[in-house]
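Chain by chain, the residues run as shown.
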Amino acid sequence: MNRKLLSLALLGSTILGGAAAAEVTLTIESWRNDDLILWQDKIIPAFEAANPDIKVKFTPSAPAEYNAVLNSKLDAGSAGDLITCRPFDASLALYDAGHLADLSDLDGMDNFSPVAKSAWQTDDAAASFCMPMASVIHGFIYNKDAFAELGLEIPETEEQFFAALETIKADGNYIPLAMGTNDQWEAATMGYNNIGPNYWKGEEGRLALIAGEQKLTDPQWVAPYETLAKWNEYLGDGYEAQTYPDSQNIFTLGRAAIYPAGSWEITGFNAQADFAMGAFKPPVMNAGDTCYISDHTDIALGMNAASPNAEAAKTFLNWMGTSEFASIYANALPGFFSLSNHDVAMEDPLAQEFVSWRGECESTIRSTYQVLSRGTPNLENETWGASVAAIKGSKSAADLGMELQTGLESWYAPQK
Amino acid sequence: MKRPRIKWHIVVFLAPAVLVYTAIMIFPLFNTLRLALYTEVDQVRHFVGLENFRTLFGNPHWSGQFWNALGNNMWFFFIHMIVQNPIGIALAAILSHPRLRFAALYRTAIFVPTILSFVIVGFAWKLILSPIWGITPDMLKAVGLHWLFAPYLGKEEYALTTLSLISVWQFVGIPMMLIYAALLAIPEEVLEAGEVDGITGFSAFWKIKLPLILPSIGIISILTFVANFNAFDLIYTTQGALAGPAFSTDILGTFMYRTFFGFQLQLGDPHMGSAIASGMFGIILIGVCIYLFGIQTRLRRYQF
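Those sequence lines, one after another, are chains C and X. The numbering of the first sequence is my numbering, which starts it at 11 and goes up by one. The numbering of the second sequence is my numbering, which starts it at 313 and goes up by one.
Since the hints were derived computationally from the structure, they do not count as laboratory data. There is no bait here: all hints are sound.
Straight-line C-alpha distance at most 30 Å; calculated DSS-like pairs for lysine-lysine: (1) 52(C) x 83(C); (2) 240(C) x 438(X); (3) 211(C) x 405(C); (4) 65(C) x 324(C); (5) 467(X) x 405(C); (6) 240(C) x 467(X); (7) 405(C) x 438(X).
Quick caveat: nothing in here was measured; it's all calculated off a predicted structure.
Given the sequences, and given the hints that come with them, work out the whole structure.
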């Protein structure tokens with residue numbers, strides 16, 4: 011009899027226990043499988059400590075397959091509650107298709123600047139559908155030992171930049187610039203969109219281009235190609251067939267002095283290079299000019315509109331707006347900088363250097379990403395080819411500007 | 313008078329092959345052709361008839377890319393025809409020589425690249441030809457030919473030919489094997505009869521063996537044609553979806569892939585992609601028909 015009572019009591023407790031722990035499990039879709047450990051060891055425990063009744067699972071897929079996998083999961087209704095957002099049109103298409111929820115009213119959104127939010131908004135900025143996570147900053151990483159050996163200073167102006175390249179070339183021990191044109195995107199991303207903002211004055215030029223007030227044939231859009239053409243003689247032998255990993259290896263092996271970079275390289279370079287590294291921002295025309303940097307919005311998190319756990323998902327998204335999240339994320343992944351307005355302290359010196367430019371310069375994003383790469387021909391892809399052609403010298407800067415403008419005009423009404 | 317019975321065993325034995333082939337080949341093929349007649353506006357699919365084809369051939373942006381890809385594809389095929397097949401025939405002729413030693417070793421060594429994955433072949437050759445880590449510059453320097461070296465895969469004028477030759481290197485084993493088999497099938501009596509008439513050595517090859525293996529050469533040519541116009545993997549693994557430098561290695565396969573699945577910021581367009589795929593299908597169909605009706609029927613076959 012006693013025994014029966016005991017088992018009844020036990021049974022009752024399990025039912026009660028089950029009711030008390032009505033926990034929700036949130037699943038996150040992402041392409042960042044490199045970050046799995048970071049999420050499991052740092053971000054998720056920190057969140058769960060503050061919100062014990064919500065469990066979080068991070069389930070990334072391979073970067074190249076992410077868009078296709080996500081789309082089929084969303085269509086089949088099996089996608090996770092939280093969805094990592096690519097910037098601009100890929101995510102906008104998901105929002106338009108009703109897959110991503112409107113997050114404009116979340117309190118966490120208040121911690122981000124309009125530029126940070128712009129990558130995940132409708133064109134009229136009426137609705138924001140992803141919580142910004144991180145951006146990457148462009149600049150140049152240099153080999154400090156090589157600079158010391160050759161007695162070089164960090165170049166501030168373009169003239170100094172080319173003088174430094176000339177010195178390195180004359181010395182002959184180092185390849186002045188570690189970049190190749192085989193994979194094409196580096197020429198556009200680390201070339202054109204790295205140095206370009208100083209010419210078109212960052213946001214001012216970018217927005218004017220979208221509004222149709224400036225044209226790609228204007229001098230501020232053509233001049234970066236003229237500068238890229240001058241890079242040609244400072245690249246390594248056979249740069250035409252040099253791939254992106256080739257460039258990374260050449261630099262981390264200490265064979266090159268300067269690497270046109272994105273801040274995402276920091277983690278890898280810290281692990282590979284055994285010399286001291288520094289960073290400098292894209293050189294300006296004349297000393298004292300306002301500088302502009304490409305601080306590109308790269309990654310965000312949105313909510314599956316069909317998620318049954320909307321409340322828990324919103325709790326998580328709001329937590330992402332806190333300084334706690336910003337600090338964990340930025341320190342675990344130096345080179346992916348928080349987009350929030352919080353003042354995040356970072357330990358990595360190279361990352362600190364990059365992020366310090368935010369205080370000195372005006373931030374902008376890559377010129378081709380918003381709206382302008384929506385049609386055919388695709389401006390971003392065309393820019394890759396144009397940047398390569400500029401560096402190789404196979405076409406003149408003016409012709410390239412003309413070609414890009416013709417392509418853009420063919421489908422983009424404000425440019426007609 | 314018995315009514316002819318339905319031969320059920322034929323139906324039963326054919327069914328699995330017909331069903332599988334229909335499900336994984338015929339249905340997708342016709343669905344692709346159908347997809348090319350639609351377009352999508354605001355998440356809704358509309359029937360537009362031949363509009364996609366009008367864009368593909370009428371809009372200078374699209375038609376420029378299409379003709380460029382087709383031209384590159386022709387060159388790709390041309391290099392295969394003038395390099396791969398003669399070398400394959402020559403290798404087979406040498407291998408079938410009765411006094412050649414280690415023939416089995418050579419045969420295997422030449423055939424091995426054929427079974428390698430495109431990814432391995434692509435990366436291996438990319439490394440071999442790399443101006444930074446590759447062995448090509450050093451080897452050329454060792455024989456005093458350093459001036460011959462260029463970053464082949466990075467130059468518009470060489471990249472496509474280089475890739476064609478890599479593909480030839482990979483696949484030369486197939487014509488070699490087919491011709492080798494055809495050569496072995498030639499009866500000794502025929503050759504001996506020729507010898508009696510004074511036809512030996514090279515003239516025996518030109519006058520007796522070559523005419524007898526012509527049907528095999530025809531088959532190889534059509535296989536090469538189909539494979540080349542469906543090619544994609546090698547270009548994609550070495551040059552990426554943009555088929556650089558400056559689209560000089562863009563062939564129909566990479567053009568279709570880029571359009572169908574999208575690339576970087578360019579969103580995929582399955583409908584235009586299907587239009588290109590239909591174009592590829594049409595080109596291959598025409599090529600095969602020309603061969604079947606124009607050439608194969610005229611080839612003389614010999615029965616022994």
